[in-house]
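J.: Spelled out, the chains give:
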Amino acid sequence: MERVDEIMIDVENLTKKFGDVTAVDEVTFHVNEGEVFGFLGPNGAGKTTTVRMLSCLISKTSGDARIAGYDISNTNDSLKIRKLIGLVPDNVGLYEELSAYKNLDFYGKLYECNKTQRKENIEHFLRMLGLWEKRDVAAGAFSKGMKQKIAIARALIHEPEILFLDEPTVNLDPESSKMVRDFIMELKKEKKTIFLNTHNLDEAQKICDKIGILNTKLMATGTPEELEGSVWGNKTVIQLEQVNDMILDELNKLSLKKIIFDNNKLTIDVVNPKKENPLIVAAIVRAGGQVQYVTELSPTLEDAYLKFVR
Amino acid sequence: MKLWKSWVIASKDFSVFRKKKSVIYSVILIPLLMSIFLPFIIGSSGVNGSGLSIAEFTSLLNSFSFFFVILAASLTTVIASYSLIGEKIEKSIEPLLATPTTDKEILLGKSFAAFLPPILSIYIGLGIFMVLIDKMTYNTLGYFYYPNWNIAIIIVLVAPLASILSVELGVILSSRVNDVRAAQQLGQLIIIPFFGIYILGEIGYISLGINSLLVISVLMLVIDVILFYISTLTFRREDILTKWK
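Sequence order for the protein chains is A and B.
Heads up, this note's numbering is the position in the first sequence plus 525, with the first residue counted as 1.
Heads up, this note's numbering is the position in the second sequence plus 379, with the first residue counted as 1.
Isolated chain B (complex conformation) (with noise of 0.2 Å):
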């Protein structure tokens, strides 16, 4: 396997995207949003003397760090429609396959183009994020929350893993249905599951802790195993060409 190819047809997806203003604005402005608009909610609403428990604090902070993870996924999806279904939509799969580049290859390099953007934009909204946190909470905590294990964990693990997740998703979708934002909607199933983690989180049903994050992570791993293995018989030239809706 030619490495070099998959990140050729990568970077040829990210001239591609932009190109797209609205790919452009998904993946750059809403991690943005989200990483001003979070600590705001906190500054705001007057947590630093709202009578919480540090560790009730911690827990929301918890919580809200974990928001990252599903826009890690949500956004993936976004990218991940343009890039197969795109590519089919504009007839352009069957030149690509003609070429003499491996399946792996090409699935690799799309997985490439659709998992780097969001997550770099991730990582860069909870930079933002956590310095913008440290700033509002130092007073009350007394030491810089952030960097911790929490987001490490996040960061190294849980984010990438999600992003993976709707990476596969987004292959296996491609092969059923012939239109971005038919993908796309679809495709936001996948923050469903992690939208119930925060709310669990939120609740106190669970604490997104080192630990719970852990578990999380171990069990995207096996799922994001089991889909690999679906994508991959799903991207078969043959059936790109002749069983692809």
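Isolated chain A, as found in the complex (with noise of 0.2 Å):
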């Protein structure tokens, strides 16, 4: 029997204003357990009050949103919600002077883990992020890749089974971007659900299982491959020595979805560039032209973005 996935964050319509600012607007969105939801957007697009919302941090105006069954919007599941989720803001947020291990302990206590769990998880998670050696180092000595990892665990220090992190490689070098993002990768292996605001492209193609691209409103969810696939199909792009009649009536006889020559070079979109690209080669030769090369054209996940957002 097919494994049905649980819907762990279950949007629908979610708006969020201050005054007569829309901040967020009717967003609808739904992450299975154990995947990785990325959110792109612009500044300003509503990803950090969405996160705030999803956390039970400010109130919805309108709309539902349930974390794994829990109502956002009713008090009393509030608490239960902030047990099951763990959060990395923006700015990570640590108590410089306290060191690494008082300020996972401090965390652990307020997420009523007990002595042993804390004594554990903070030594699994220093360890894994290979800061068990500094952990009596005030948290204000260590570098901004370390503090962000060390925000991280502070999230998982409760082992929650949703992590919501915003912008976590913001403002990192390439060094301390890696670091995080392979932490998170690592995540990913152990079924986490993760919620990651981003707008590093390339972040959430490595990562996201799914993305959403958001605008205030949600303008388009999907795999990276669908986003990628919904601003043009495939193009094959093939320069010839030169192009004359007879090749485009060769072309024209393989029933191509559009052709467009310019400077002896044509753009072809094709559907599936495997099974279409030999035949295409093939009638081109046959019209006794000359091929000089022969290239695909993907879009990526920018031109998606671009896309939408604009």
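Watch out, some of these pointers could steer you wrong.
Straight-line C-alpha distance at most 30 Å; calculated DSS-like pairs for lysine-lysine [what the hints assert, rightly or not]: (1) K398/B to K669/A; (2) K542/A to K400/B; (3) K542/A to K470/B; (4) K514/B to K627/A; (5) K659/A to K622/B; (6) K713/A to K644/A; (7) K622/B to K608/A; (8) K608/A to K778/A; (9) K400/B to K659/A; (10) K470/B to K640/A; (11) K398/B to K483/B; (12) K790/A to K778/A; (13) K399/B to K731/A; (14) K644/A to K381/B; (15) K483/B to K627/A; (16) K514/B to K669/A; (17) K627/A to K703/A; (18) K627/A to K400/B; (19) K716/A to K627/A; (20) K399/B to K381/B; (21) K470/B to K713/A; (22) K640/A to K659/A; (23) K483/B to K542/A; (24) K644/A to K483/B; (25) K760/A to K799/A; (26) K470/B to K605/A; (27) K483/B to K742/A; (28) K381/B to K605/A; (29) K714/A to K760/A; (30) K470/B to K398/B; (31) K622/B to K640/A; (32) K608/A to K483/B; (33) K669/A to K622/B; (34) K608/A to K400/B; (35) K783/A to K800/A; (36) K470/B to K659/A; (37) K783/A to K799/A; (38) K644/A to K398/B; (39) K735/A to K760/A.
The set of hints was computed from the structure by calculation and includes no laboratory data.
Using the hints, put the two standalone chains together into the complex.
T.: Encoded structure:
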């Protein structure tokens, strides 16, 4: 029997207004258990506001949202939701005077972990992050990347089912960003449900199973491949020595979707490049054409992003 | 409401304060210096033989003991500023608010953190002050002036209520100010009414005896209740994240 994934984050027409300003406008999406969902959008798109609503930090204006079945607008449920989730806000917000260990221990207590659980989890995460030897060093002495990793460990100290990450690699150097990304990939392997706010397209593509593009409204959702495909289909570019009518006639016989030629270069829309490209090249050769090179033009996530946010 | 959570938050703040030398110096040194400096004035000014009547002399001692109320209000502002605005500046407030703690538990924890160190320090200072005054005035008065009802009311009612007033003011100020120093400077305005009372006592306009202290306590209790209501309205998750400057 096929396993039906449990919906961990279920959002229906969620809206947040600050006075007359609409920060999040009727957003609908859902995230399954063990899925990594990326929220892409420009600054001010409402990504942080959405995370704050889902973390029960701010109230919604209208719509519905449930976290693991609990209603975010129900006061009794909000404490249960906060126990189920871990949040890494866009600012790490560690207590710089306290050691890495004490920072994590403090949060472990507030998340109601017992002493043994706190001790085991702190050691587990600090070892996993390569910071165990520096556990007694004040957090203020760590690099930005290390602080971000401690902030992620802080959000995981109570073993939450869902992790919200708000711009976890923003302002980090490439090495630190990679460190944090690798850690998120480790968590993905552990089948944690992760909600990632980012405007790093490369990061979203590498990490996320599903992406939502937000610009106050949710412009599109889908897998990275689906979003890329929604911009345009695949294109094949063929540079010829000379384009002539015989070649075009021969290509028209293939019932291709669209052919554009410019300066002896053909740009052809294809549905299945692996199947269609050999047929196209064969047709050109049959018509006496001389192929100089063939390249495939695929839309990127950036193309999709720009299409939806512009 | 889980009180232990408030205590966890307060304990964390105590650990943070321990690393801040300026806070340590303010909270420990100032009451300690006052507890020695005020008896020193009594001793060195020769009040014992100055011709002041016993009533005038005890009135002066009462006024001096009121100094510790001013200190309770003033020092609490220092801690409250660090406790709340420090959390806001270091951006640690959001992860704290994301934990399964209620607004009231956090507010109470922050209040414990701002209230307990200064009040304990004031009590220690008052203890030293009483011992030294007793030692210096025993020959003049023929009895130990302290402990008495005056100082008991200051210890049990006036100083704690003044300190609570400062905590509440600190919460309200935290929502409007983004800088620890600015909050401390604004918070220090709280000492003006207390200083006014002290001056009135000194010039003999009012007597800082038991009745006056009880009236002051009742007034402060009323103000504390009003400010508590305002501070709980101010200290709401959503407002902290979206409206606090």
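J.: All hints are to be evaluated individually against the structure, with a verdict given for each.
T.: Checked hints:
| no. | hint | result |
| --- | --- | --- |
| 1 | K398/B to K669/A | holds, 21 Å |
| 2 | K542/A to K400/B | violated, 43 Å |
| 3 | K542/A to K470/B | holds, 23 Å |
| 4 | K514/B to K627/A | violated, 46 Å |
| 5 | K659/A to K622/B | violated, 37 Å |
| 6 | K713/A to K644/A | holds, 23 Å |
| 7 | K622/B to K608/A | holds, 25 Å |
| 8 | K608/A to K778/A | violated, 63 Å |
| 9 | K400/B to K659/A | holds, 24 Å |
| 10 | K470/B to K640/A | holds, 27 Å |
| 11 | K398/B to K483/B | holds, 26 Å |
| 12 | K790/A to K778/A | holds, 19 Å |
| 13 | K399/B to K731/A | violated, 43 Å |
| 14 | K644/A to K381/B | holds, 22 Å |
| 15 | K483/B to K627/A | holds, 23 Å |
| 16 | K514/B to K669/A | violated, 57 Å |
| 17 | K627/A to K703/A | holds, 26 Å |
| 18 | K627/A to K400/B | holds, 19 Å |
| 19 | K716/A to K627/A | holds, 28 Å |
| 20 | K399/B to K381/B | holds, 28 Å |
| 21 | K470/B to K713/A | holds, 27 Å |
| 22 | K640/A to K659/A | holds, 21 Å |
| 23 | K483/B to K542/A | holds, 26 Å |
| 24 | K644/A to K483/B | holds, 28 Å |
| 25 | K760/A to K799/A | holds, 12 Å |
| 26 | K470/B to K605/A | holds, 24 Å |
| 27 | K483/B to K742/A | violated, 34 Å |
| 28 | K381/B to K605/A | holds, 15 Å |
| 29 | K714/A to K760/A | violated, 34 Å |
| 30 | K470/B to K398/B | holds, 18 Å |
| 31 | K622/B to K640/A | violated, 36 Å |
| 32 | K608/A to K483/B | holds, 17 Å |
| 33 | K669/A to K622/B | holds, 27 Å |
| 34 | K608/A to K400/B | violated, 35 Å |
| 35 | K783/A to K800/A | holds, 16 Å |
| 36 | K470/B to K659/A | holds, 23 Å |
| 37 | K783/A to K799/A | holds, 17 Å |
| 38 | K644/A to K398/B | holds, 24 Å |
| 39 | K735/A to K760/A | holds, 24 Å |
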